[in-house]
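Protein sequence lines, in the order shown, are assigned to chains A and B. 1 is the number of the first residue of the first sequence in UniProt numbering; add one for each residue after it. 1 is the number of the first residue of the second sequence in UniProt numbering; add one for each residue after it.
It is worth saying that the hints were derived from the structure and are not from the lab. These figures come from a predicted structure and were not determined experimentally. Be a bit skeptical, because a hint or two may be false.
Said to hold, decoys possible - Simulated pairs of lysine to any residue, SDA-like, Cα-Cα distance not exceeding 20 Å:
id, chain 1, residue 1, chain 2, residue 2
1, B, Lys30, A, Pro34
2, B, Lys389, A, Pro34
3, B, Lys406, A, Pro80
4, B, Lys389, A, Ala104
5, B, Lys406, A, Pro34
6, B, Lys389, A, Gln105
7, B, Lys55, A, Cys44
8, B, Lys389, A, His106
9, B, Lys406, A, Glu68
10, B, Lys389, A, Ala75
11, B, Lys51, A, His106
12, B, Lys406, A, Asn81
13, B, Lys406, A, Ala78
14, B, Lys406, A, Ala76
15, B, Lys51, A, Gln87
16, B, Lys389, A, Thr77
17, B, Lys406, A, Thr77
18, A, Lys60, A, Asp95
19, B, Lys406, A, Leu72
20, B, Lys51, A, Cys44
21, B, Lys51, A, Gly42
22, B, Lys389, A, Ala76
23, B, Lys30, A, Cys44
24, B, Lys406, A, Gln105
25, B, Lys406, A, Gln67
26, B, Lys389, B, Asn375
One letter stands for each residue in the lines below.
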Amino acid sequence: MPHVTYIEHNGTEHRIELEEGLSVMRGAVDNGVPGIDADCGGECACATCHVYVEEPWLAKTGTPDEQEASMLSFAATAQPNSRLSCQITMSAALDGLVVRLPEAQH
Amino acid sequence: MSQDQPRIVIAGAGHAGGSAAAFLRQYGWKGGITLVGEEPDAPYQRPPLSKAWLKGEATAESLALRPARFYAQHRIELRLGTRVTALDRAARQVTLSDGAVLDYDRLILALGARPRTLPLPGSGLRGVLALRGTADADALQAALGPGRRLAVIGGGYIGLEVAASARALGAEVVVIEREARVLARVAGTVLSAFLEGQHRKHGVAILTGAQVAAIEGEAGAACAVRLQDGTRLPCDTVLIGIGAAPNIELAQEAGLDCAHGILVDLAARSSDPAISAIGDCTQRPLPLYGRSGRLESVPNAIEQAKQAAADICGRPPPPPEVPWFWSDQFDLRLQMAGLAFDAHETVLRGDPDGPGFAVFHLDAEDRVLAVEAVNAPADFMAGRMLVAKQARVPRALLRDPAQPLKDLAA
Ligand SMILES: Cc1cc2nc3c(=O)[nH]c(=O)nc-3n(C[C@H](O)[C@H](O)[C@H](O)COP(=O)(O)OP(=O)(O)OC[C@H]3O[C@@H](n4cnc5c(N)ncnc54)[C@H](O)[C@@H]3O)c2cc1C
Ligand code: FES
Chain A
1 MPHVTYIEHN GTEHRIELEE GLSVMRGAVD NGVPGIDADC GGECACATCH VYVEEPWLAK
61 TGTPDEQEAS MLSFAATAQP NSRLSCQITM SAALDGLVVR LPEAQH
Chain B
1 MSQDQPRIVI AGAGHAGGSA AAFLRQYGWK GGITLVGEEP DAPYQRPPLS KAWLKGEATA
61 ESLALRPARF YAQHRIELRL GTRVTALDRA ARQVTLSDGA VLDYDRLILA LGARPRTLPL
121 PGSGLRGVLA LRGTADADAL QAALGPGRRL AVIGGGYIGL EVAASARALG AEVVVIEREA
181 RVLARVAGTV LSAFLEGQHR KHGVAILTGA QVAAIEGEAG AACAVRLQDG TRLPCDTVLI
241 GIGAAPNIEL AQEAGLDCAH GILVDLAARS SDPAISAIGD CTQRPLPLYG RSGRLESVPN
301 AIEQAKQAAA DICGRPPPPP EVPWFWSDQF DLRLQMAGLA FDAHETVLRG DPDGPGFAVF
361 HLDAEDRVLA VEAVNAPADF MAGRMLVAKQ ARVPRALLRD PAQPLKDLAA
């Protein structure tokens with residue numbers, strides 16, 4: 001199974017196996033990785049699943065759609081490599097993906 | 001369970017209770033956690049029940065708050081299909097419907113709310129439904145489809161979402177609202193009028209200012225809704241969507257302070273320091289608005305779950321959040337933040353006939369109290385931050401969609 005590494009703001013790493021087709025948000029929530037609240041359950045409505053995608057993965061995760069980009073443009077700690085993790089779907093091509101979590105989701 | 005390990009019992013395995021169990025483990029709680037829930041399912045998300053689930057676009061896995069394995073992995077004992085029937089605060093014990101008695105060191109009440117019932121002739125007929133859980137949603141879904149006729153009593157968010165989903169499934173739908181407009185208690189007039197127009201455009205009949213007299217039946221099944229003015233609305237299913245009543249009886253019987261909900265502070269503590277209460281069953285402080293109130297939303301359930309878990313684990317309380325909510329109807333994404341108590345003025349940003357717009361509610365000092373955004377995620381995000389900041393904003397800027405709100409909100 002492909003895996004994702006989540007790095008908490010304090011540096012703690014979580015290597016999680018994630019079934020293809022599930023979102024990177026779901027991988028964190030389902031395994032108790034702290035720092036992703038996912039209030040809306042993956043509907044791209046809350047921006048509490050914000051992550052920074054580490055290179056070289058950014059391009060492979062695709063580009064945010066308009067809704068996601070709008071939400072991100074107001075996220076408190078947005079950077080050029082910010083994504084909403086509920087909008088990244090796991091695939092074999094993303095095996096090894098590394099994402100960092102912001103200090104807080106608000 | 002070893003005797004010297006402190007135990008937390010969570011009564012109610014819904015969104016709040018399930019989240020609290022997860023946060024307790026995240027925050028390092030080492031003792032026992034027992035999650036007692038009346039429903040047969042492990043905690044799941046209710047929002048899709050009136051949206052994707054009803055339309056057949058969600059699965060049990062996607063609905064689940066956490067996968068089944070999560071609970072064993074995190075040593076969270078699930079006692080499902082089991083009701084907490086009594087609470088003895090002096091002995092720190094709860095009694096369960098299966099006769100078991102559990103000791104607790106800390107108790108979290110996460111009892112949720114239940115649909116209000118309508119004391120009407122015919123409300124006990126077959127085909128008269130409410131919507132709170134998966135069983136309700138499945139019954140409703142089975143009653144919807146081409147050629148089926150649904151009457152929704154109550155034009156609140158759940159009623160309107162079901163109406164939209166029922167249209168997508170091909171059913172004929174009428175929404176019957178007692179007030180002069182839909183969402184009268186929870187939205188501003190601009191949004192209400194806009195949504196009424198959208199529903200009508202999609203073929204939903206909306207009757208406002210309409211008083212229901214009775215539900216008529218035929219062979220034990222609902223066949224029409226009769227209004228007080230004599231109008232008869234034929235249907236084969238009736239959804240009663242007139243709001244929810246908090247489950248506070250257990251707390252009341254145990255002598256906890258309750259008003260419209262179980263009274264709690266910003267650490268989610270009830271009037272008994274060993275008992276926290278979270279989610280739809282609580283009446284909580286709303287610090288931005290200088291009052292308390294009951295919020296029925298997932299973000300509130302999660303925020304209070306964090307408050308309780310942080311308090312129990314001795315962590316600093318989480319920063320207060322702006323209340324917010326979302327709803328999906330047809331191709332509309334609604335996002336609301338803040339509460340429009342004592343709003344003085346509304347400012348419209350964008351055009352309701354255009355691709356998206358937002359309504360800002362301001363107080364007398366031009367501070368943003370609330371925002372209602374329709375297909376306008378950036379305005380929602382900006383509004384949420386402006387509510388949190390409680391800063392005065394220039395109305396002209398809010399009103400002009402060409403002016404970005406980014407700098408204001410920063
Ligand atoms: C159809 C629908 C659509 C919604 N859509 C949205 C939305 O789009 N956005 C949003 O933010 N919110 C939405 N909500 C509201 C949201 O689902 C609730 O605010 C949230 O579920 C509250 O969580 P809770 O844990 O407090 O209550 P619940 O999730 O209701 O959980 C309470 C649980 O406690 C159980 N229980 C009660 N009494 C006992 C007892 N004595 N012993 C044991 N167990 C007991 C109940 O059976 C229930 O399982 C929606 C709700 C519904 C019904
Ligand atoms: S989970 Fe809400 S935006 Fe991703």
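Here is what the structure says about each hint:
For the hint pairing Lys30 of chain B with Pro34 of chain A, the CA-to-CA distance comes to about 16 Å; that is within 20 Å, so the pair holds. With a CA separation close to 26 Å, the supplied pair Lys389 of chain B and Pro34 of chain A exceeds the 20 Å bound. Between Lys406 of chain B and Pro80 of chain A, the direct Cα distance comes to roughly 16 Å. Compliance with the 20 Å bound is thereby established for this hinted pair. Taking the CA atoms of Lys389 of chain B and Ala104 of chain A, the gap is about 17 Å. The hint holds against a cut of 20 Å.
Between Lys406 of chain B and Pro34 of chain A the CA atoms are separated by roughly 29 Å; this puts the pair beyond 20 Å, and the hint is violated. Straight-line distance between C-alpha atoms of Lys389 of chain B and Gln105 of chain A comes to about 16 Å, which keeps the hinted pair within the 20 Å bound. Taking the CA atoms of Lys55 of chain B and Cys44 of chain A, the gap is about 19 Å. The hint holds against a cut of 20 Å. At roughly 13 Å between alpha-carbon atoms, Lys389 of chain B and His106 of chain A fall within 20 Å of each other, so this suggested pair holds.
Taking the CA atoms of Lys406 of chain B and Glu68 of chain A, the gap is about 16 Å. The hint holds against a cut of 20 Å. This hinted pair checks out: Lys389 of chain B and Ala75 of chain A have alpha carbons roughly 15 Å apart, not beyond 20 Å. About 27 Å separates the Cα atoms of Lys51 of chain B and His106 of chain A, which puts this hinted pair outside 20 Å; it is violated. A threshold of 20 Å between alpha carbons decides the hint, and for Lys406 of chain B with Asn81 of chain A the separation of about 19 Å falls inside it, so the pair holds.
With a C-alpha separation of about 12 Å, the suggested pair Lys406 of chain B and Ala78 of chain A falls inside the 20 Å cut-off, and the hint holds. Distance restraint check for Lys406 of chain B and Ala76 of chain A: the Cα-Cα separation of roughly 11 Å lies within the 20 Å cut-off, and the hinted pair is therefore satisfied. Between the alpha carbons of Lys51 of chain B and Gln87 of chain A the distance comes to roughly 19 Å, so the proposed pair stays at or under 20 Å and holds. For the hint linking Lys389 of chain B to Thr77 of chain A, the alpha-carbon distance of about 16 Å falls within 20 Å, and the restraint holds.
A threshold of 20 Å between alpha carbons decides the hint, and for Lys406 of chain B with Thr77 of chain A the separation of about 13 Å falls inside it, so the pair holds. For the hint pairing Lys60 of chain A with Asp95 of chain A, the CA-to-CA distance comes to about 11 Å; that is within 20 Å, so the pair holds. Annotation: proposed proximity of Lys406 of chain B to Leu72 of chain A holds, straight-line Cα distance about 12 Å (limit 20 Å). For the hint pairing Lys51 of chain B with Cys44 of chain A, the CA-to-CA distance comes to about 15 Å; that is within 20 Å, so the pair holds.
Restraint check: the Cα-Cα separation between Lys51 of chain B and Gly42 of chain A comes to about 14 Å, which is no more than 20 Å; the hinted pair holds. Among the hinted pairs, Lys389 of chain B with Ala76 of chain A is consistent with the structure: their alpha-carbon atoms are about 13 Å apart, no more than 20 Å. For the given pair, Lys30 of chain B sits about 33 Å from Cys44 of chain A by alpha-carbon distance, which is inconsistent with the 20 Å threshold. Annotation: proposed proximity of Lys406 of chain B to Gln105 of chain A holds, straight-line Cα distance about 18 Å (limit 20 Å).
With a CA separation close to 16 Å, the supplied pair Lys406 of chain B and Gln67 of chain A stays within the 20 Å bound. For a cut-off of 20 Å, the pair hint linking Lys389 of chain B to Asn375 of chain B is broken: about 23 Å separates their Cα positions.
Checked against the numbered hints given earlier, this structure breaks hints 2, 5, 11, 23 and 26; the rest are met.
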